[in-house]
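Produce the complete structure using the sequences and hints provided.
Residue 153 in numbering that gives the first Met the number 0 sits at position 154 of the sequence shown; the count goes up by one each step and never skips.
Rather than coming from a laboratory, the hints here were simulated on the basis of the structure.
Glycine included, every Cβ here is placed at the ideal spot set by N, Cα and C.
Heads up, a few of these hints could be off.
[As the list claims (entries may be wrong)] Derived Cβ-Cβ restraints for the label pairs, each shown as a range:
#1 Ile166 with Ala79: 43 to 49 Å
#2 Leu26 with Thr68: 16 to 22 Å
#3 His114 with Phe145: 28 to 34 Å
#4 Ile154 with Glu50: 40 to 46 Å
#5 Glu23 with Asp57: 18 to 24 Å
[What the hints assert, rightly or not] The list that follows gives simulated cross-link-like pairs (lysine-lysine, BS3-like), each with its CA atoms no further than 25 Å apart:
#6 Lys106 with Lys93
#7 Lys93 with Lys75
#8 Lys20 with Lys58
#9 Lys20 with Lys75
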Amino acid sequence: MTRQTQPQSPRRLRCAIYTRKSSEEGLDMEFNSLDAQREACEAYIASQKAEGWVCLRDKYDDGGFSGGTLERPALKDLIADIEDGLIDIVVVYKIDRLSRALMDFSKLVEIFDRHGVTFVSVTQSFNTTTSMGRLTLNILLSFAQFEREVIGERIRDKVAASHKKGIWMVVRCRWVTT
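This is the structure in structure tokens:
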């Protein structure tokens, strides 16, 4: 007598979408960058439905916050929910939405690993559980950090050149104190 077994349905994997935009410009529009990022992530999660992926309703959106620091309200909420065991997968549009600083990203990946959370970038395919995936991630993060530093240099150069011409520019900065 043979026993037939039902194929097991995949484990339900709770996916949190994290979005970020550095400036507040355009956030008041009906459809903004955060919405576009979220839409792409939701579509990716829907494509993984057969694997048990489900999108959480909670929104982790940081509009107007730099990726050069971890001092962001939605990111702090995301980390708290990870530590509470409420998230299995963190989904972002691009890795630089999560962080542009290599050291900060290392800290985040450490938190993810400690809590068994997988990290997925919709536009950059890699798996953080393999050594090759970590290498790829570190290379991408190095370029993201480089890009952030170059942008800062350009802004400083533009302000200095303007000052030499007697033009005073207002540069909006977000100072973070610890």
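Each hint tested on the structure:
1. Between Ile166 and Ala79 the Cβ separation comes to about 45 Å, which falls inside the hinted range of 43 to 49 Å.
2. For the pair Leu26 and Thr68, the beta carbons lie near 19 Å from each other, so the given range of 16 to 22 Å is met.
3. In this structure the supplied range 28 to 34 Å holds for His114 paired with Phe145, their Cβ-Cβ distance being about 29 Å.
4. Between Ile154 and Glu50 the beta carbons are some 43 Å apart, a value that agrees with the proposed interval 40 to 46 Å.
5. Roughly 22 Å separates the CB atoms of Glu23 and Asp57, a value that falls within the hinted 18 to 24 Å.
6. A threshold of 25 Å between alpha carbons decides the hint, and for Lys106 with Lys93 the separation of about 18 Å falls inside it, so the pair holds.
7. With a C-alpha separation of about 19 Å, the suggested pairing of Lys93 with Lys75 holds against the 25 Å cut-off.
8. Of the supplied pair hints, the one linking Lys20 and Lys58 holds, its CA atoms being roughly 14 Å apart against a limit of 25 Å.
9. Using a Cα cut-off of 25 Å, the hinted pair Lys20 and Lys75 holds, with the two alpha carbons roughly 16 Å apart.
Figure legend: structure checked against the earlier numbered hints; every hint is met.
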